[in-house]
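Read top to bottom, the protein sequences are chains L and H.
Note that this note's numbering has the first sequence beginning at 346, numbered continuously upward.
Note that this note's numbering has the second sequence beginning at 2, numbered continuously upward.
It is possible that part of the hints are untrue.
[To be verified] Okay, the calculated bits of chain H under chain L, using three or more residues with CB under 8 angstroms as the criterion:
{"no.": "1", "region": "269-280"}
{"no.": "2", "region": "339-353"}
[As the list claims (entries may be wrong)] Here are the simulated lysine-lysine pairs, DSS-like style, with alpha carbons at most 30 angstroms apart:
{"no.": "3", "chain 1": "H", "residue 1": "LYS52", "chain 2": "H", "residue 2": "LYS160"}
{"no.": "4", "chain 1": "L", "residue 1": "LYS404", "chain 2": "H", "residue 2": "LYS328"}
{"no.": "5", "chain 1": "L", "residue 1": "LYS682", "chain 2": "L", "residue 2": "LYS528"}
{"no.": "6", "chain 1": "L", "residue 1": "LYS483", "chain 2": "H", "residue 2": "LYS160"}
{"no.": "7", "chain 1": "H", "residue 1": "LYS151", "chain 2": "L", "residue 2": "LYS458"}
{"no.": "8", "chain 1": "L", "residue 1": "LYS347", "chain 2": "H", "residue 2": "LYS264"}
{"no.": "9", "chain 1": "L", "residue 1": "LYS721", "chain 2": "H", "residue 2": "LYS328"}
{"no.": "10", "chain 1": "L", "residue 1": "LYS479", "chain 2": "H", "residue 2": "LYS160"}
{"no.": "11", "chain 1": "H", "residue 1": "LYS328", "chain 2": "L", "residue 2": "LYS720"}
{"no.": "12", "chain 1": "H", "residue 1": "LYS16", "chain 2": "H", "residue 2": "LYS160"}
{"no.": "13", "chain 1": "L", "residue 1": "LYS357", "chain 2": "H", "residue 2": "LYS264"}
{"no.": "14", "chain 1": "L", "residue 1": "LYS458", "chain 2": "H", "residue 2": "LYS160"}
{"no.": "15", "chain 1": "L", "residue 1": "LYS617", "chain 2": "L", "residue 2": "LYS652"}
{"no.": "16", "chain 1": "L", "residue 1": "LYS404", "chain 2": "H", "residue 2": "LYS264"}
{"no.": "17", "chain 1": "H", "residue 1": "LYS264", "chain 2": "L", "residue 2": "LYS720"}
{"no.": "18", "chain 1": "L", "residue 1": "LYS682", "chain 2": "H", "residue 2": "LYS328"}
{"no.": "19", "chain 1": "H", "residue 1": "LYS31", "chain 2": "H", "residue 2": "LYS160"}
[What the hints assert, rightly or not] Which bits of chain L does chain H cover? Going by a derived footprint, with three or more residues having C-beta under 8 angstroms, they are:
{"no.": "20", "region": "355-361"}
{"no.": "21", "region": "389-400"}
{"no.": "22", "region": "438-447"}
Simulated from the structure, these hints should not be mistaken for lab results.
C-beta: ideal position from N, C-alpha, C; glycine also.
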Amino acid sequence: MKYVDEFRDPEKARMLVAEINTITEQLGITQQRPLQLMEFCGGHTHTIFRYGIEQMLPKAIELIHGPGCPVCVLPMGRVDDCVTLAERPNVIFTTFGDAMRVPGSKKSLLQAKADGADIRMVYSPLDALNLARKHQEKEVIFFALGFETTMPSTALTVLQAEQDNINNFSLFCNHITTVPTIKAILDSPDMKIDGFLAPGHVSMVVGARPFDFVAETYEKPIVVTGFEPLDILQSIWMLLKQLSEKRHDVENQYARIVPENGNEPAMDALTKVFELREFFEWRGLGSIDHSGVKMRDAYAAYDAEQKFTVPNLKIADPKSCQCGEVLKGVIRPWECKVFGTQCNPETPMGALMVSTEGACAAYYNFGNLNELLQKKEAVNA
Amino acid sequence: MSSQTTINLRQRSGKCNADTITMAHGSGGKAMRDLIDDVFVSTFDNPELNKLEDQARFELNTLSALGDRLAMTTDSYVVDPLFFPGGDIGKLAVTGTVNDLAVGGAKPLYLTCAMIIEEGMSVDDLRTIAASMRQTADLAGVKIVTGDTKVVPRGAADKLFINTAGVGIIPAGINIGTDRALAGDVVVINGYIGDHGAAIVDARGDMALQNTIETDCQPLNSLITAMLEVCSDIHCMRDATRGGIATVLNEFAQSSNVCIRLKETAIPMRDEVRGMCEILGLDPLYLANEGKVVAIIPAHAADKVIEVMRAHPDGRYSTIIAEVTEKPEARVILSTLFGGERIVDMLVGEQLPRIC
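Working from the sequences, and respecting the hints, build out all of it.
This is the structure:
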C-alpha cells in the first residue's frame with residue numbers, strides 16, 4: 346500500500362537497529378542503568394507494541410510509555426459526568442468509540458447505553474452536528490476528548506454550529522494539553538527520563554516550538570516523531586545521536602507532516618473557542634495546572650457544562666494503583682502491585698489498563714503475560 | 002414419495018398481498034398462513050418441507066449410509082444492515098450454519114429456518130431474503146425443511162432476526178478437533194481475511210468511505226470436501242467468523258496446548274481492508290469473515306491440500322499462514338512484517354475505533 350509500506354520496510358529497520366546498537370555501545374549504556382526514552386503519545390505506544398519494536402532494540406534502551414492516551418487519563422469523575430449527561434431525557438450523547446469502555450465510579454458509557462441512554466458512537470464531531478440537524482427535538486451532546494490533535498476539529502464544529510444557527514448542539518469539553526503535562530513529568534523528583542519522542546499529531550497542530558523548553562530549560566533531547574514503525578526507530582536513533590554528541594535540541598523527524606510553526610488556521614480556531622482551565626484532573630497523575638481547556642464564555646451556549654449541571658465530583662484513583670509511577674518510568678508496568686491480577690483489561694483499575702494505547706493494557710495484550718507475572722513475583726520477592 | 006408431497010402445497014398456496022408485515026402475520030390465522038405459503042414454502046419448496054407437518058422426517062437408513070455420526074448446530078443472525086455488498090442476512094443464515102457443520106467434517110443436509118420479524122418490515126424485502134436463502138441452500142446442496150415465523154411489535158426486534166439449525170453426517174474415519182494440533186503442523190486459510198467485517202462497517206455508512214469491499218460470505222462445504230479427499234487427517238478446522246482468525250487460532254492454541262506462529266507477511270489481505278483498518282485503528286486479525294476456513298494439517302499434506310484448495314473457486318488465494326510449535330504453550334505469536342514479534346491474544350470486549 347502506497348505511503349504506508351515505505352515506512353514499514355524491514356530492511357531499513359535492520360539498518361537503523363544496527364546503527365542504534367552501535368551508538369548504544371559507544372555510549373557505554375548498560376542494562377543495569379538503562380537509557381530511558383519516553384514516548385509521550387498513545388499512538389506511538391500502539392505502534393511500538395503492534396510491530397514488536399521493543400524486542401528489536403538493545404536491552405540497554407528502555408521505552409517509557411507516557412500519559413498521552415486521552416482515553417486512559419480521563420478521571421472517573423468526568424466519566425460519571427458523561428453518564429449523567431447521557432441519561433438526561435431528550436439527549437443524544439455522542440462519543441468516539443474507545444471512550445465507551447472507560448469505567449466511571451458506577452458505570453461506563455457502554456453500560457449506560459445498555460441501561461437505556463441514547464449514546465451513539467461517532468467518528469467525527471461533524472457527525473454529531475449532523476445528528477443535531479436531524480433531531481432538532483433533542484439535545485445532541487458531543488463528548489469532546491483528546492489533546493491538541495482533536496481540538497481543531499471540535500472547535501471548527503462549534504464555529505460551524507454557530508454559523509448555521511444550530512442551537513441543540515453542545516460539547517462536554519474534556520480536551521487536554523500536552524506541554525504542561527510534559528512539564529509536570531519533568532518536574533517530578535523521581536523522574537529519570539533521558540529523552541523524549543514528542544507527539545507527531547499534536548505537533549502538526551501546535552508546531553515543534555512549544556517543546557523548546559524541554560531542550561532549553563530541562564536540557565533533554567526531544568524529537569517530534571511520526572507514527573509508522575520506521576518513524577519510531579529513526580527518532581530513537583536521532584535521540585541517541587544527540588546524546589552521543591552531547592546535544593539537547595528539538596528535532597523534527599516528522600517533517601513530512603509537521604510544519605515548524607504548526608497549523609495557523611487550526612490554532613486560530615481553537616484559540617477562538619477554547620481557553621485554558623486553571624487546572625485539570627488526570628487519572629494517574631492527579632491535578633496539573635493549565636493542563637485542560639474549557640470553552641470561552643462567548644460560546645457558553647454550546648457548552649454542556651454551562652447549559653446543564655454536572656455533578657463534577659472528584660473521585661480518587663484506587664490506592665493500590667501505581668499508574669503515576671509507571672507513567673514516570675519509576676516502575677515498569679508489570680512491577681505494579683495489581684498488574685494482571687486485580688487490574689486487567691476486563692476490569693481496569695488504573696488509567697493505563699483502560700485503552701489498548703495505555704502501557705499496561707499493551708503489555709497485558711501484546712506481552713507474554715506469564716513471563717511478566719513471573720518477573721513481577723521476582724521483583725516483589 | 003416426493004412427487005406426491007408437492008401436491009399438498011399446491012392445494013394450499015395462499016397469497017400474501019400485504020406490503021408490510023403487521024402483527025396479523027404472526028397471529029396464527031390466515032394472514033400468517035398466506036405469508037408462510039407465499040413467501041417461505043413456495044420459495045424453499047422441497048418434499049420434506051411441503052408436507053407441512055410440525056416436523057421434518059428423515060429415513061435413518063438413508064442417513065446412516067452417509068457416515069457414522071450425526072452433526073447438529075444452530076446459529077442466530079442479527080446483522081445490521083440486512084442487505085450489504087455481496088450478501089444479505091438470508092445468505093448469511095444459510096452459509097453460517099452450513100459452514101459450522103462442514104468444518105466438523107460433516108456433509109450438511111438439512112436446515113431449519115426460524116424468522117423473528119419486526120412489525121413494519123417490507124414483505125418484498127422478506128421475499129428477497131427468502132430467495133437468497135434458497136439460492137444459497139441450492140449452492141450448498143442443503144434443503145430448508147422446517148421453519149417458524151414470529152412477528153414482534155415495532156422496537157422489539159431490529160427488522161429481522163433469523164435462526165437456522167442444521168444437521169449433517171460425518172463420514173467414518175474423520176476426526177477433526179480443536180485439541181488435535183501438533184508441533185510441526187501447518188495452518189492454512191482459503192484467502193483474504195476481514196472482507197465481511199470491513200464490508201459491514203462500510204455498509205453502515207458511518208464512515209462515508211468510498212469502497213468496493215464485498216462480504217466473503219460463501220458456503221465452504223464443497224471446498225472442505227475437496228480438502229478432506231486429499232487429506233482425511235485434518236487435525237483442526239473452524240470457520241473464522243466473529244472474532245476473526247485471531248480468535249480461532251487462540252482456541253486451537255489453547256485446546257491443543259501448542260504455540261501457533263503467524264507470519265504477518267503471509268496473511269492474505271486486500272488493500273481496501275488494510276486501508277480501512279489503518280484509518281479506523283482496527284486490527285484485521287479480529288475482523289469477521291463469513292467464508293474463510295482455517296485448518297491445521299500435517300506438514301507433509303500441505304502441498305497437496307493447498308493445490309486442491311487453489312484449484313477450487315472458493316479457495317483460489319489459499320495459503321499457509323502459520324506453523325505450530327511446542328512452546329510457548331497456548332499462545333499465538335505474530336512475526337510482524339517489520340521484523341518484530343508480538344502476542345495475539347483473545348479480544349476483550351468489542352473492537353472499537355481509536356480516537357486518533
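Here's how the hints hold up against the structure:
| no. | hint | result |
| --- | --- | --- |
| 1 | 269-280 | holds (count 4) |
| 2 | 339-353 | holds (count 10) |
| 3 | H:LYS52 to H:LYS160 | 29 angstroms, holds |
| 4 | L:LYS404 to H:LYS328 | 23 angstroms, holds |
| 5 | L:LYS682 to L:LYS528 | 27 angstroms, holds |
| 6 | L:LYS483 to H:LYS160 | 24 angstroms, holds |
| 7 | H:LYS151 to L:LYS458 | 27 angstroms, holds |
| 8 | L:LYS347 to H:LYS264 | 21 angstroms, holds |
| 9 | L:LYS721 to H:LYS328 | 21 angstroms, holds |
| 10 | L:LYS479 to H:LYS160 | 22 angstroms, holds |
| 11 | H:LYS328 to L:LYS720 | 19 angstroms, holds |
| 12 | H:LYS16 to H:LYS160 | 22 angstroms, holds |
| 13 | L:LYS357 to H:LYS264 | 19 angstroms, holds |
| 14 | L:LYS458 to H:LYS160 | 20 angstroms, holds |
| 15 | L:LYS617 to L:LYS652 | 19 angstroms, holds |
| 16 | L:LYS404 to H:LYS264 | 24 angstroms, holds |
| 17 | H:LYS264 to L:LYS720 | 28 angstroms, holds |
| 18 | L:LYS682 to H:LYS328 | 28 angstroms, holds |
| 19 | H:LYS31 to H:LYS160 | 22 angstroms, holds |
| 20 | 355-361 | holds (count 3) |
| 21 | 389-400 | holds (count 8) |
| 22 | 438-447 | holds (count 6) |
The structure fails none of the hints (numbered hints given earlier).
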